[in-house]
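Undergrad: The lines below spell out each chain.
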Amino acid sequence: MPIILENVSFFYSKNTPLETAALKDVNLRIEKGEFVGILGEKGAGKSTLIKLFNGLLRPDSGKVTVDELAPSSKEVKRRIGMVFQQAADQLFCRTVYEEIAFGPLNFGYSKKETEERVFEALEAVSFDRSMLLRDPFSLSGGEMQRVALAGALALRPEYLVLDEPITGLDPGGKKEILDTLKKIKDQGTAVITVTHNLKGFFPLLERIVLIREGRISFQGSRKEYLETENVPLPPVTSMMRELKARGVPVNPAIFTVEEALEEILRVKSLLEKEKAEK
Amino acid sequence: MQEPVFSYVPGTSFLHTLDPRTKLAAVMLLGILVFRTESFFGIGVIFALFIALASFTGLPTGIFFRAVRPMLLFIIFIFLAQLFFTEGKVLASFWILQPSIEGLQNGLRLSARFILLLLFAALMTASTDPSAITCGIERILRPLPLRWLGVNSYELATMMNISIAFLPLLFERVERTKAAQASRGMYFGRNPFHSVPALVIPLIRGIVRDAEELALAMESRGYQGTRRTSMHELLMQKRDWASLFALVFFAALLLRF
Chain X
0 MPIILENVSF
10 FYSKNTPLET
20 AALKDVNLRI
30 EKGEFVGILG
40 EKGAGKSTLI
50 KLFNGLLRPD
60 SGKVTVDELA
70 PSSKEVKRRI
80 GMVFQQAADQ
90 LFCRTVYEEI
100 AFGPLNFGYS
110 KKETEERVFE
120 ALEAVSFDRS
130 MLLRDPFSLS
140 GGEMQRVALA
150 GALALRPEYL
160 VLDEPITGLD
170 PGGKKEILDT
180 LKKIKDQGTA
190 VITVTHNLKG
200 FFPLLERIVL
210 IREGRISFQG
220 SRKEYLETEN
230 VPLPPVTSMM
240 RELKARGVPV
250 NPAIFTVEEA
260 LEEILRVKSL
270 LEKEKAEK
Chain W
0 MQEPVFSYVP
10 GTSFLHTLDP
20 RTKLAAVMLL
30 GILVFRTESF
40 FGIGVIFALF
50 IALASFTGLP
60 TGIFFRAVRP
70 MLLFIIFIFL
80 AQLFFTEGKV
90 LASFWILQPS
100 IEGLQNGLRL
110 SARFILLLLF
120 AALMTASTDP
130 SAITCGIERI
140 LRPLPLRWLG
150 VNSYELATMM
160 NISIAFLPLL
170 FERVERTKAA
180 QASRGMYFGR
190 NPFHSVPALV
200 IPLIRGIVRD
210 AEELALAMES
220 RGYQGTRRTS
230 MHELLMQKRD
240 WASLFALVFF
250 AALLLRF
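Those sequence lines, one after another, are chains X and W.
For the first sequence, numbering that gives the first Met the number 0 gives the first residue as 0, with consecutive numbering after it.
For the second sequence, numbering that gives the first Met the number 0 gives the first residue as 0, with consecutive numbering after it.
The following block holds chain W by itself, in its conformation from the complex:
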């Protein structure tokens, strides 16, 4: 069994009942906002917004932070790169490394932005059924002339749906392989050249095998990638428009100051 990272927790909160398109638009808007906000005050306000929204879901805030954990290494790397490679007033000097004050600020800002982005994404995935997310994306993409690229929005939606649905299984697979290799005395993190192949090779082989089986099973049931009818047609409600309006207003206000 896998601890949830980006998984859906069923519920009936305000965020749960919003249209997936509203939440998708909100995540995009917040993404832009996060990267347009320069001041630490602004970032703090956005963080407060996250806490407020998270409390709406009725889920403990801690579970959203799990979404950050897999990316932690990347975020630390970005922070360090900014810290040491930004020109500016030198803070201290270790050997050839000279962290600057500007670097510290840039690093903090950039890592805070990535963390916020992940948190909002986690908020959406925790409060939205994966199939509703893809349904929303499909609906948003439908007017675009994707045919010229050789795909259509239905195929795209199915692909996303499957990727999301299989994500927990992927983690389960990782855990299984990790457990097997750790039992043979492998210690992750000590020697990546040694441990990465031991993890990645069985993983890729397993995923390819799963994908082949899934494709066969889908085709056997008549899947052709053409338009399919859906169980629930999406409908934007008053509260969706109201939430989007409130968010745009909030963004405008924040960018103003």
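Next comes chain X alone, as it looks inside the complex:
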């Protein structure tokens, strides 16, 4: 069963002069095992949207269900693992072990079960066991984010929801997180991420939801997305489109610098071959 949002609207500061509509009449369905990207500009309502999934916010109208459960139920908090942008905002334990065990202990799992889950989560984020006794605050930004990720994975969620998970990380940290997310998705967990970092995420996304001013302005596959006018694109894809527009016969549906390089070289050799034949 999926996450379903039906005609959901949400307002901040309702019934005050500062009332603002964050989401208007949103319909969305997220299936198990998908890799979904929620895109949109700052203030479009992306972060509000994901907070509705696990009951951190309640819709002012409309209905949210997760596997037919109400989002406020504790079980939903277990099924949806949530990771926010600033991992430093949630780390508070003296060791990485305690940090990852925090979730499972909150759900009342036994010591043994918790330990098992911590080891499993640690492996999922590609840390070795020497990490467990380290002070979370001595870690780099990317490592902190992986600890936060492990903390969510220790609950063995069916859906992993992330809010700008790679913003503010150095390139190495970004790659670590992206690789980890790909692995998690391949093991069958749905990954839903809010991002404006198309460069990093675009190659991974299977489905894209674009939010503009609180409404869903596009949802569909990556292929459909690329055929849509006026949508934000990764810089390299824009460049390939521009090349094509200027008469270089490249395939514009390309999302990474490596692919672009390959494609340009392919076209180059093609052109050279043509020239030689003439």
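Where hints are given, some of them may not hold.
Covered by chain W, per the in silico footprint, the following chain X stretches (three or more residues, Cβ under 8 angstroms) [stated by the list, open to error]:
(1) 6-16
(2) 82-93
(3) 97-106
Per the computed footprint, the stretches of chain X lying under chain W, defined by three or more beta-carbons under 8 angstroms from a beta-carbon of chain W, are [claimed, not checked]:
(4) 64-78
(5) 185-195
(6) 232-246
Read the hints as simulated data drawn from the structure, not as lab findings.
Given the structure is predicted, the values throughout are model-derived calculations rather than measurements.
Even glycine gets a Cβ: it sits at the ideal position worked out from N, Cα and C.
Got chain X sorted already, so can you dock chain W onto it with the hints?
TA: For chain W alone, kept in the frame of chain X given last:
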């Protein structure tokens, strides 16, 4: 995004246009008045005054009551302490607790006073730009010889300005951390020994980091804590003096009866 607790709502009402010094003096005066008024009738009259002033701002009265919410626990504690630990005619008896009639009265009075104090403060902050408040405080403190204490009124004003400006950000930070911990299955309120560190540790670390960054940014722009010129010099208008006079008159009248 954070719901406003003590935040400024821009407007053009009568209260908005008063000099911040007038409003500061009024809040202080009302504070004294609230704690000098013994009778429930008097407290009721002050409450009516609040409702009247609140309606001047054109804002729904409900938003001022949000200022009370964070202090609710404290107020309930005071009420219960008064209720059970005041000697007097015993109202009823539960186990070792014996609430008295005098205790009930004291408790109600004291909690009403705190609530009124918060409401008036909320009224001021809702109708006054934070920078105008600090400007007013700075102007009031300027004649005092604070130098002997190693500060000056400008530094003090800047400190207050920053604290007020960062308050909403602080709440935002609290919300962020709360959301992150709640997603990991923490339930606030069930076990404070468990949940308080999970909230407070990331919070303090974050605030210290923010403060360091802010100090660096300010110093880089030449801040030295000395006298700075201001964009708008404050000027007491006729309506300021008139409002203060009216308030003093009201206070005298109320204390008389």
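Undergrad: All the hints need checking, so say for each whether the structure fits it.
TA: Structure-based check of all given hints:
Check on the segment 6-16 of chain X: 5 of its residues sit with their Cβ under 8 angstroms from a Cβ of chain W, so the three-residue criterion for coverage holds. Check result for the segment 82-93 of chain X against chain W: holds, 7 residues qualifying (beta carbon to beta carbon below 8 angstroms, three or more required). Given a C-beta distance limit of less than 8 angstroms, the hint that chain W covers the segment 97-106 of chain X holds, as 4 residues qualify and 3 suffice. Coverage of a stretch by a chain is defined here by at least three residues with a beta carbon nearer than 8 angstroms to that chain's beta carbons; for the segment 64-78 of chain X and chain W the count is 3, and the condition holds.
With a cut-off of 8 angstroms between beta carbons, the segment 185-195 of chain X has 0 residues touching chain W; three or more are needed, and the interface restraint is violated. Against chain W, the segment 232-246 of chain X contributes 0 residues with a C-beta closer than 8 angstroms to a partner C-beta. That does not satisfy the three-residue criterion, and the hint is violated.
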